[in-house]
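**Q** This is what each chain is made of:
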Amino acid sequence: MGEIETDANRLMALIKQGDEAAFVALYRCTQGKVFRYALQISGCRNCAEEAVQEVYMTLIRRPGMYDEKRGSALSLLYGIARNVVRRLMQQRQFRFRPLDDEQDRVSLAADGGETPYSRISKREQIETLREAILQLPVRYREVLVLCELQEMSYADAASAMRCRVGTVRSRLHRARDLLARKIKQSAEGSFAYGAEGTARGLL
Amino acid sequence: MNCREFQQDLQEFCRNELQDSRLHGKMLDHTAECRSCRDRFNQERTLLGALAALTQSMSNEAAPAHMEAELVRAFRESRSNRRTVPSQGASIWGLRLNRATLSTAAAFLILFGITLLAFRQGLQEKGTAQPDERAFAGVGESFSRQYSYESDFIDLGNYQAPDDWRGSQLLRVNLPRTSLLLFGLPMNADHADKMIPADVLVGQDGVPRAIRFVQTVEHNRTN
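Protein chains in written order, with the working numbering: chain Y, 1 to 203; chain Z, 1 to 223.
Be a bit skeptical, because a hint or two may be false.
Unchecked claim - Within a straight-line C-alpha distance of at most 25 Å, the following computed SDA-like cross-link-like pairs (lysine to any residue) qualify:
no.: 1; chain 1: Y; residue 1: Lys184; chain 2: Z; residue 2: Thr46
no.: 2; chain 1: Y; residue 1: Lys16; chain 2: Z; residue 2: Ala69
no.: 3; chain 1: Y; residue 1: Lys184; chain 2: Y; residue 2: Arg162
no.: 4; chain 1: Y; residue 1: Lys184; chain 2: Z; residue 2: Glu33
no.: 5; chain 1: Y; residue 1: Lys184; chain 2: Z; residue 2: Cys37
no.: 6; chain 1: Y; residue 1: Lys184; chain 2: Z; residue 2: Glu12
no.: 7; chain 1: Y; residue 1: Lys16; chain 2: Z; residue 2: Arg73
no.: 8; chain 1: Y; residue 1: Lys184; chain 2: Z; residue 2: Thr55
no.: 9; chain 1: Z; residue 1: Lys26; chain 2: Z; residue 2: Gly49
no.: 10; chain 1: Y; residue 1: Lys184; chain 2: Z; residue 2: Glu68
no.: 11; chain 1: Y; residue 1: Lys184; chain 2: Z; residue 2: Asp39
no.: 12; chain 1: Y; residue 1: Lys184; chain 2: Z; residue 2: Val72
no.: 13; chain 1: Y; residue 1: Lys16; chain 2: Z; residue 2: Arg76
no.: 14; chain 1: Y; residue 1: Lys184; chain 2: Z; residue 2: Ala53
no.: 15; chain 1: Y; residue 1: Lys69; chain 2: Y; residue 2: Lys184
no.: 16; chain 1: Y; residue 1: Lys16; chain 2: Y; residue 2: Arg61
no.: 17; chain 1: Y; residue 1: Lys184; chain 2: Z; residue 2: Arg15
no.: 18; chain 1: Y; residue 1: Lys184; chain 2: Z; residue 2: Glu77
no.: 19; chain 1: Y; residue 1: Lys184; chain 2: Z; residue 2: Gly167
no.: 20; chain 1: Y; residue 1: Lys184; chain 2: Z; residue 2: Ala32
no.: 21; chain 1: Y; residue 1: Lys184; chain 2: Z; residue 2: Pro208
no.: 22; chain 1: Y; residue 1: Lys16; chain 2: Z; residue 2: Val72
no.: 23; chain 1: Y; residue 1: Lys184; chain 2: Z; residue 2: Leu185
no.: 24; chain 1: Y; residue 1: Lys16; chain 2: Z; residue 2: Glu70
no.: 25; chain 1: Y; residue 1: Lys184; chain 2: Z; residue 2: Arg38
no.: 26; chain 1: Z; residue 1: Lys26; chain 2: Y; residue 2: Arg169
no.: 27; chain 1: Z; residue 1: Lys26; chain 2: Z; residue 2: Glu44
no.: 28; chain 1: Y; residue 1: Lys184; chain 2: Z; residue 2: Met67
no.: 29; chain 1: Z; residue 1: Lys26; chain 2: Y; residue 2: Asp177
no.: 30; chain 1: Y; residue 1: Lys16; chain 2: Z; residue 2: Gly203
no.: 31; chain 1: Y; residue 1: Lys16; chain 2: Z; residue 2: Asn81
no.: 32; chain 1: Y; residue 1: Lys184; chain 2: Z; residue 2: Gly49
no.: 33; chain 1: Y; residue 1: Lys184; chain 2: Z; residue 2: Asn81
no.: 34; chain 1: Y; residue 1: Lys16; chain 2: Z; residue 2: Glu33
Stated by the list, open to error - Selected chain Z positions facing chain Y (Cβ under 10 Å, derived; list incomplete):
no.: 35; residue: Ala62
no.: 36; residue: Pro186
no.: 37; residue: Ala189
no.: 38; residue: Asp190
Hints listed in this document are in silico derivations from the structure and should not be mistaken for laboratory results.
Beta carbons: idealized from backbone N, C-alpha and C, even for Gly.
Start from the sequences, fold in the hints, and give me the full structure.
**A** Given below as structure tokens:
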């Protein structure tokens with residue numbers, strides 16, 4: 001268990017007793033993670049801000065909701081954020097911006113490296129990767145973001161997603177496959193788009 | 001090592017997390033022999049590198065600074081609300097209180113307050129006069145209305161020796177007309193939403209002993 005997680009667990013117990021300093025400390029050490037998680041899942045800064053606010057307001061309203069037997073404090077925060085982001089995405093009928101910008105394709109196609117993956121080293125390619133993640137189905141995107149980008153353990157990710165560790169493993173494996181295929185397609189300039197900007201064949 | 005075995009340990013191999021050095025060596029040998037697995041290995045490693053770069057590029061992303069102040073304010077408000085306004089079923093002094101209990105307690109306190117007020121206004125009289133006489137001695141004179149009684153005094157069940165009226169007092173209160181039904185008295189349904197005056201006989205100890213409902217007859221006094 002990481003230092004932040006240990007601190008978060010300890011702080012959560014103090015927040016139950018109404019300790020404001022503990023709340024501030026918890027917010028400062030975890031808000032960045034929660035914000036980045038929400039941003040990586042939704043691709044929307046407003047959603048991420050709203051999610052952060054909702055997560056900590058939920059904690060304020062129900063300070064006793066943390067139960068260390070059910071997982072770490074970070075898992076709880078990610079779990080709340082996950083629900084909030086899902087709700088926001090449903091409410092806003094979220095559609096991800098497709099990679100239909102000609103400049104994106106040119107930059108990928110003109111690079112001329114040996115493999116498509118070797119091109120993913122510059123800023124443009126990082127943006128391509130970010131968008132490729134956003135085009136993954138939500139259940140694969142969540143597990144990829146939690147385990148790869150947020151560097152959570154499988155057990156904590158399972159706690160946040162309320163599923164079994166085995167499910168996390170299998171979804172992560174599938175998510176990597178899908179992502180690799182998407183990047184390859186992107187690099188080859190062969191993305192196919194649906195009418196509403198959803199990558200066809202990938203959802 | 002075959003390709004299937006290679007795939008099973010590929011993730012740990014890419015992350016340099018294989019504990020078994022012999023297995024690590026076998027994986028390396030397999031990548032040298034099998035072009036397909038070598039490509040897969042390169043893809044995975046590049047993907048992991050790209051994900052790490054993405055993580056790094058977003059490491060400074062955070063919620064706006066003003067949010068902390070807003071949340072701290074909400075935290076303080078929530079905490080003060082919890083302290084001052086117990087919610088339904090809140091615990092005070094170890095007792096579980098709900099709204100019904102609090103309402104009953106409030107009603108009791110109001111009645112108690114009325115009683116104390118009457119004491120302080122000097123309505124209590126030393127002596128042995130009958131309560132109904134004393135009621136009008138102090139109060140009735142100033143009214144521009146005359147009263148008749150809807151009922152006799154009804155015992156409320158709090159025993160007091162009949163000859164010990166010292167310190168007792170009558171309180172004139174207004175009650176909903178539906179209160180008549182509680183004591184088995186008839187009520188005109190047309191006036192169900194109106195109030196009816198009643199005299200409450202309160203003992204020296206502040207406990208109500210009896211009640212009498214009063215009819216009002218509106219007319220001006222001639223003298």
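**Q** Look at each hint and say if it fits the structure.
**A** Here is what the structure says about each hint:
Restraint check: the Cα-Cα separation between Lys184 of chain Y and Thr46 of chain Z comes to about 12 Å, which is no more than 25 Å; the hinted pair holds. For the hint pairing Lys16 of chain Y with Ala69 of chain Z, the CA-to-CA distance comes to about 20 Å; that is within 25 Å, so the pair holds. Taking the CA atoms of Lys184 of chain Y and Arg162 of chain Y, the gap is near 32 Å; set against the 25 Å cutoff, the hint is violated. The hinted pair formed by Lys184 of chain Y and Glu33 of chain Z meets the criterion: a straight-line CA distance of about 24 Å does not exceed 25 Å.
Note on Lys184 of chain Y and Cys37 of chain Z: the hinted pairing holds, with a Cα-Cα distance of about 17 Å set against a maximum of 25 Å. A threshold of 25 Å between alpha carbons decides the hint, and for Lys184 of chain Y with Glu12 of chain Z the separation of about 22 Å falls inside it, so the pair holds. A distance of roughly 17 Å separates the Cα atoms of Lys16 of chain Y and Arg73 of chain Z; the hinted pair therefore holds under the 25 Å criterion. Between the alpha carbons of Lys184 of chain Y and Thr55 of chain Z the distance comes to roughly 20 Å, so the proposed pair stays at or under 25 Å and holds.
With a C-alpha separation of about 23 Å, the suggested pair Lys26 of chain Z and Gly49 of chain Z falls inside the 25 Å cut-off, and the hint holds. Between Lys184 of chain Y and Glu68 of chain Z the alpha-carbon distance is near 41 Å, which puts this suggested pair outside the 25 Å criterion. With a C-alpha separation of about 13 Å, the suggested pairing of Lys184 of chain Y with Asp39 of chain Z holds against the 25 Å cut-off. Between Lys184 of chain Y and Val72 of chain Z, the direct Cα distance comes to roughly 46 Å. Violation of the 25 Å bound is thereby established for this hinted pair.
Distance check on the hinted pair: Lys16 of chain Y and Arg76 of chain Z sit about 13 Å apart at the alpha-carbon level, within 25 Å; holds. Between Lys184 of chain Y and Ala53 of chain Z the CA atoms are separated by roughly 18 Å; this keeps the pair inside 25 Å, and the hint holds. For the given pair, Lys69 of chain Y sits about 42 Å from Lys184 of chain Y by alpha-carbon distance, which is inconsistent with the 25 Å threshold. The hinted pair formed by Lys16 of chain Y and Arg61 of chain Y meets the criterion: a straight-line CA distance of about 11 Å does not exceed 25 Å.
Our distance criterion of 25 Å between C-alpha atoms is met by Lys184 of chain Y and Arg15 of chain Z, whose separation comes to about 21 Å. Taking the CA atoms of Lys184 of chain Y and Glu77 of chain Z, the gap is about 52 Å. The hint is violated against a cut of 25 Å. Of the supplied pair hints, the one linking Lys184 of chain Y and Gly167 of chain Z is violated, its CA atoms being roughly 99 Å apart against a limit of 25 Å. Taking the CA atoms of Lys184 of chain Y and Ala32 of chain Z, the gap is about 23 Å. The hint holds against a cut of 25 Å.
Restraint check for Lys184 of chain Y and Pro208 of chain Z: the C-alpha separation of about 89 Å exceeds 25 Å, so the hint is violated. Using a Cα cut-off of 25 Å, the hinted pair Lys16 of chain Y and Val72 of chain Z holds, with the two alpha carbons roughly 15 Å apart. A distance of roughly 91 Å separates the Cα atoms of Lys184 of chain Y and Leu185 of chain Z; the hinted pair therefore is violated under the 25 Å criterion. Restraint check for Lys16 of chain Y and Glu70 of chain Z: the C-alpha separation of about 19 Å stays at or below 25 Å, so the hint holds.
Proximity of Lys184 of chain Y to Arg38 of chain Z is assessed by CA-CA distance (about 16 Å); at most 25 Å being required, the pair is judged to hold. Taking the CA atoms of Lys26 of chain Z and Arg169 of chain Y, the gap is about 24 Å. The hint holds against a cut of 25 Å. For the proposed pair Lys26 of chain Z and Glu44 of chain Z, the alpha carbon gap of about 18 Å is at most 25 Å, so the pair holds. The hinted pair formed by Lys184 of chain Y and Met67 of chain Z fails the criterion: a straight-line CA distance of about 40 Å is larger than 25 Å.
Distance check on the hinted pair: Lys26 of chain Z and Asp177 of chain Y sit about 24 Å apart at the alpha-carbon level, within 25 Å; holds. Between Lys16 of chain Y and Gly203 of chain Z, the direct Cα distance comes to roughly 49 Å. Violation of the 25 Å bound is thereby established for this hinted pair. Taking the CA atoms of Lys16 of chain Y and Asn81 of chain Z, the gap is about 15 Å. The hint holds against a cut of 25 Å. Between Lys184 of chain Y and Gly49 of chain Z, the direct Cα distance comes to roughly 15 Å. Compliance with the 25 Å bound is thereby established for this hinted pair.
For the given pair, Lys184 of chain Y sits about 56 Å from Asn81 of chain Z by alpha-carbon distance, which is inconsistent with the 25 Å threshold. At roughly 59 Å between alpha-carbon atoms, Lys16 of chain Y and Glu33 of chain Z are farther apart than 25 Å, so this suggested pair is violated. Interface restraint check: Ala62 of chain Z against chain Y, minimum CB-CB distance 4 Å, threshold 10 Å, status holds. A cut of 10 Å between beta carbons decides the hint on Pro186 of chain Z: the least distance to chain Y is about 53 Å, and the hint is violated.
Nearest Cβ of chain Y to the Cβ of Ala189 of chain Z: about 48 Å, over the 10 Å cut. The hint is violated. Interface restraint check: Asp190 of chain Z against chain Y, minimum CB-CB distance 50 Å, threshold 10 Å, status violated.
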